[in-house]
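All chains should be modelled from the sequences, with the hints used to inform the complete structure.
Chains B and F supply the protein sequences, listed in that same order. Heads up: take any position in the first sequence, counting from 1, add 1282, and you land on the numbering used here. Quick note on numbering: the numbering used here labels position 419 of the second sequence as 405, and the sequence is numbered without any gaps.
Honestly, the hints are just simulated from the structure, not real lab data. Any given hint might turn out to be false.
With a cut-off of at most 20 angstroms between alpha-carbon atoms, the simulated SDA-like pairs for lysine to any residue come out as follows [to be verified]:
hint	chain 1	residue 1	chain 2	residue 2
1	B	K1298	F	T351
2	B	K1297	F	D359
3	B	K1297	F	K585
4	F	K545	F	K585
5	B	K1286	F	E309
6	F	K587	F	A536
Given the structure is predicted, the values throughout are model-derived calculations rather than measurements.
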Amino acid sequence: MSFKVAAAPHGHSQKKTNQVMAWVVFALIPGVIIQSYFFGWGVWFQILIAVTVAYLSESICVWARERSARQALRDNTALVTAVLLAISIPPLAPWWIIVIGTLFSIVVVKQVYGGMGQNIFNPAMAGYVLLLISFPVQMTHWLPAAPIAPYDLGLWQTLHTIIFEYTPTGYDVEQLRTTVDGMSMATPLDGVKTALDQGKILTEAYQQPMLGSLAGIGWQWLNLGFLLGGIILLQQRIIRWHIPVGFLAGLLVPSFLAHMFAPSIIPGPIFHALSGATMLGAFFIATDPVSAATSDRGRLLFGLLIGLLIWVIRTWGGYPDAVAFAVLLANLCVPIIDRYTRPTVYGHHSGAKHDAE
Amino acid sequence: MQDIKQFVESGQIARFPGGIHPPERKQPASEQPLRRVPYADELILPLRQHIGLSGQCTVRVGERVLKGQALTDAALHQGLPLHAPTSGTVKAIEQRPMSHASGLPEQAIVITPDGEDKWRERQPLPDYQQRDKAELLDIIQAAGVAGLGGAGFPTSQKLAQQKPVSYLIINGVECEPYICADDRLMREHARDIVLGMRILAYITGTDKTLLAIEDNKPEAIDSMRAAIAEYDDIELRIVPTKYPSGGEKQLIQLLTGHEVPSKQLPIEMGIIMQNVGTAFAVKEAVIDDKPLIERVVTLTGECIEQPGNVWSPLGTPVDALLEYAGFKPEQQQRVIMGGPMMGFTLPITAVPVIKTTNCILVPSTRELPPPGDEMACIRCGACAEVCPATLQPQQLQWLAKAKDYPALEENNLFDCIECGACAFVCPSEIPLVHYYRQAKSQMRNQAREQAKAELAKKRFEARQARLEREKEERLERHRKAAEARKQMQQQQAQEASEQPSDNDGKSSAVAAAIARAKAKKAAQEDGSSTPAQPTDAESKQKSKKSAAVAAAIERAKAKKAAQQTARESDVEAESPATEQQRPAQDKSAAVAAAIARAKKKKQAREQQTSDDRASQSPDQEDKQ
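Structure below.
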């Protein structure tokens, strides 16, 4: 009788790629729940639309490339991209925003470059940047967090707003984020930045209604939720510490030093750590292995670069937050980082040759 | 060197990067005492058992052989002889499927045991210290001892290094899951192993032997510790369990804190490593005069009923071993020769146990699930994390798939020890080692081809230069000859017009000259150049064939006439160009010129033909 032929090794450990991706989505759950608590039902609809569009477009692309669509969908990478993009955009953004973003992420950024594992840029962040540049109004219309929100939208009202851009009672998103006294409510990052640009000092900027005890109301908890998810990923060994640590060091060390230097006009590390997409970026976005550096040293450097870029753009740039820009810029540097951070191979240490003599 | 000494003296155990902890699964096989399997109906002994050349067969079909009798003679020191595992008759010398992933056939000696198990004459040598080291090396070589831990490198060759050895390391780590052949051997034959270690230490001249065992074999450690107690120069080193700590490079790093420099052998650091099984085989070869005719093989996996370790005669077919151990194959059964990490699957089991066979593993799909579908690499870096050589397996994989050989070289693919740790942890289940092996063999082929092409190019260029040189020389000769001939013709024409009839005796020479001139003219009318230029003459040959024939006839006549007269006169003028205008010497000068011309023409023709032959087959030389 003849026996089955297989390549060594004849055994396998660890999670499979699709399980790794599933864990990423699983670890996002605390953050998403917190987001839906503070920012309404919108995030669930955005996720739903994004995942549907992602799976459809991925299937069509893979089919067009004459590969197995079933296998491509099973790897869960499209799921991760879709969810990351959906939770990055304002929850009440009109439906076509997330459709365009997801299509761009999956079709152009991922499949055109050869599909899973081949993309140079982080698909979710490339999609986000496309949307931010093309539709700046829709993409910056974040509602104030629940405790200070002027309106509380139900499930149906949220869906209606996402589909028709108006609530059933006829309010548009701009009106929804305007308080009774006619003030349009910005995100904490935006609010502080605007105040500082107007020449106010930090204590004045922090007195705005959207700011809480640590950073923005709602936003601080959202960031802590993603931090929790990140710790789950680390504990499960889905990601390694290098990128998040580099990321946070790159962001927090300069902000700490600058804050010590000019405490009245430069926000400190805690504000940065718990504002915007910091924790989501550090643990879920920058850690996308496909578009990150590969070696441990390279990843540390890659994370540092992202963190530093975020701080620079948040401090001096035109945009209030910068995770997506920083990630894409760092993606561009990956080949060169990889080249110069290659670990020394066994037998190639300078000491090794020396000892042989 | 001093660093290494310092480290070893301190007794520390260093660590190596990466590595994995796959399920060990050494039990239950490791708990069963060694058994001896009965001789199979036929023993298949492939001529090539290990790295190196195969020996020449010294037995004939039908011949009766005794146990331990050499069946091949080793090709100098490149190879090792093969011995009859028991007495019997040579049934056949033919192609048999090999113990290789391909199952391709190779030449093998097939022996039918006669059941008597009758030994050849033996000369035990208990007092080996009385013998010369070279003599012991010869004994080890003649006993066919090869490295039993890995690739089966001839032990005598490894020991014959003309370099000082500071440390002899005996490898009893056995880090691969399932395999426990060395474990069992250490438990049951510790004293023999230590004797073998003494012999190895004596041959290498080292005063320090390190015995390394992984800490998951407490019984083996105890038994070896007791056996080495009386020797001060043997030290036991217990290394933590981690795959692949038994790899030569990794174990050296563990014990010395230093790496073996890339592309060098451990001997460059003053280290020689031998496996415990090899030490045992050396003891048997030297002290008992028992060549390597059997070895311990682990039979394990959930698809056999009696897992354990057996003394298997070399040449025992795998199916006989499996039958002995109660093989219950399942659907899609894999039969692995070696361990789960580095072993290879056997397509058929009618292949023999050879010197390097340490394990036959027949796993159920439950214990070792077959590989799933290969997915794309997501560059997660799990592979780099476990690589003991600190390579970047994910990058190597991209490069291997892209067949970017220069980049693979630059990324040190050849420092990969193919341990399989990367593929073991890869979440996308990419058979990484498989890709590396493929790329390596293609790169080796390419290097070979390149070297060949380089040599051929050099040879071709040298040949071109030589042909060019010869052509130039030839043209130069022709030019000179042509000049001389021209001068002669002018002279003769002059003579003919001046003295139409000198006297009777000379008339024949003159007639010859005239005839020749006519023939030449006729030839010139047809062709543009003079027939004195053999190259041109050759090319125009067909068009002026008839004219040339006529001319040749005339010339022949003339030549004959000239020769007749030439016999009478003194032939001395090899250089007609220096001739003077003296009527008295006209005759002899003309004759001499004619002869010289004839000679030159002949020579030219010969060269022409040889030149043609050469230019028609420019590759002939290269092919030889």
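Results for each hint:
Taking the CA atoms of B/K1298 and F/T351, the gap is about 17 angstroms. The hint holds against a cut of 20 angstroms. Taking the CA atoms of B/K1297 and F/D359, the gap is near 14 angstroms; set against the 20 angstroms cutoff, the hint holds. Restraint check for B/K1297 and F/K585: not satisfied, since their Cα atoms lie roughly 90 angstroms apart, outside the 20 angstroms limit. Taken as a hint, the F/K545 and F/K585 pair is honoured in the structure, with Cα atoms around 12 angstroms apart against an allowance of 20 angstroms.
This hinted pair checks out: B/K1286 and F/E309 have alpha carbons roughly 18 angstroms apart, not beyond 20 angstroms. Of the supplied pair hints, the one linking F/K587 and F/A536 holds, its CA atoms being roughly 17 angstroms apart against a limit of 20 angstroms.
Hint compliance for this structure: hint 3 is the single one not met.
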